Amino acid sequence: MTNLRDIWVYLAASPLLHLTLTLVAYSAGYAIYRKVRFNPLFNPVLIAVAAVVTILLVTGTSYGTYFQGAQFVHFLLGPATVALAVPLYRQIERVRRSGAAIFASILLGTLTAPASAIAMVWLLGGSRDSMVSIAPKSVTAPVAMGIAQELGGLPSLTAALVILTGILGAMLGPPLLNRLGIKDWAARGLAMGVASHGIGTARALQVNEVAGAFAGLAMGLNALATSVLLPALWHLLFAGR
Amino acid sequence: MIEWLAVLAVCQLAGEAAAQAAQLPVPGPVCGMAFLFVGLVLHGRVPEGLGKVADALLLNLSLLFVPAGVGIMLHFKLLAGDWLALSAALIVSTLLTIGVTAAAMAFLSRKTGPAARGQ
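Residue numbers (our numbering), protein chains in the order written: chain V, 1 to 241; chain A, 1001 to 1119.
Just so you know, the hints here were simulated from the structure itself, not pulled from any lab data. All values derive from a computational prediction rather than experimental measurement. Each hint should be verified, as a subset may be incorrect.
[Said to hold, decoys possible] Derived coverage of chain A by chain V (criterion: at least 3 residues anywhere in the stretch with Cβ under 8 angstroms from a Cβ of chain V; other residues may be distant): (1) 1001–1015; (2) 1018–1030; (3) 1040–1051; (4) 1059–1065; (5) 1075–1081; (6) 1090–1100.
Every residue gets a Cβ at the ideal spot worked out from N, C-alpha and C, and that includes glycine.
Chain A extracted, bound-state conformation (with noise of 0.2 angstroms):
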């Protein structure tokens, strides 16, 4: 398990070396993904032990997102400002992208060939 989670820092410490040295307009975790990837495709397959590292730290993911979350305290003031504004613009925003993503891929997908279908 523990050489899994250092083949991890090892993607993410790689990502963030290149995001820093090409001036990657992407964060290094992000860049570390598209390595780990790359890595993934030369290889052929996901090693078990990997998987299961993957799949534990992704399957709590939301758990990661708790401590900038409640950085949100700092900021009720900004926010405050102009609330109406910016809480209609962020759901009916969020809900747009949300729908015509999702349209646009399911119209597509199914003008480009069989696709699978969930359920």
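Bound conformation, chain V alone (with noise of 0.2 angstroms):
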């Protein structure tokens, strides 16, 4: 007994044991997604992130232990996005033919997404520091936190609402568009990049190349244009409030 003990203590103190969990949280996570023939509603990005905070909160383990042992997947994120101009140089024709159709869509998401998160906070009543931090909640994290910090909202709020953001972008945007009858592939990459960034775009990404290719390039630019135009509108609308 003292023995399963020791070990127990020794792994849980070793970036193995969280670096495991992540993956098998994972791979469950995408088995059940397997087996619903890729129903976006059974996201495994979700079942993973609620497995491993339900293991965890009940294990009483800290973000920051379980962090040591899943940075190294963390990691990965760089080259990862690194990695999204290769589906994004496949589609450079279409690119090519339609930019200012695609300019044009992404600036009309890139206003969309801050103006109507902002009005429906305020309609609800929600507090000065919810409509601040929620406004750049489309915007891939590290450039979301950036903003959020610049106009003065909670930038740790703001990280916890971009993932959320991707997470229901990527189980109901499909839906959606399928009802709207938006069979075009460009123009579903490219609204699931805007509207929910990284993790809009890895379900892109698994559905179709060209969908995938699109939303890389949408996440990119809506990071970009947001960052430029959501503190100077900001300041313009909101100055001396």
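With the hints in hand, could you dock these two chains into one complex?
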């Protein structure tokens, strides 16, 4: 018995345990996702996150301890983001042909996301902190946190809202697009990338390479456009309030 | 395979350096994506090995969001403060953004020429 306990203490302190937990939770989430034939409502990120959070809370493990193991997975986000240039390049013909339409649609999405989020929080009587922190929710996390900081919001609340936005978009976006009758993979991908950044892009890539390419493009341009436009518009509209 | 991972790392590193040096509002990896894209345009095609490495990473992109996603456990209290307004705003705004962007792109690309239709 003491032996088992010693082994547990040893393992719990090593990064391997939480690296393994991340991989196993995601594999289980993905197996369920495949079982339901990639129904977006059974998002594998959501399943894995819910499973890991439950296990960490039950075992009283801190996020810091967990992240010591999980950071090896997290680290690959950088190279994977760079790799998005590959599917994008494969669609270069379409990007060239519809350049103006792409930029106009992304810009419209860039403005819709913060305007509708701020308006909804205001209508429902949310606090000013909530209004500011939710504004950049559709932008990839590091940029969104920077914007929230600049506008006087709570960057850590923004980080949580960004993740939730990504998961919600990946779950609810495809059924909405089906209902709207939008079959063009480029349009579907752009929408997923603008509204729900990398998590939406990941879902788009699983379904169709064209959609994935346009989602990656939209994610990058939305980050750029939001970080320029949102602070400028915010100061213009709410200056001195 | 390793040489193409190295290419991705070099692009990311260059992107981080450029973002820092020029105080760009976008993160380093997004700059790195732009650098790799320019490289591919100059090269004129995707090298087979790079294509394989990129596809392998991107097919598993959603796994890479799990560690950051678990970070939400740190913020339950902040979220609970305004949970009704926040969750309604997230759902409505995310759906609206997806609908508006997709409808605009579908409409505009139909207007501006024969677009390749999915399916």
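Check each numbered hint against the structure and report the violated ones by number, ascending. none
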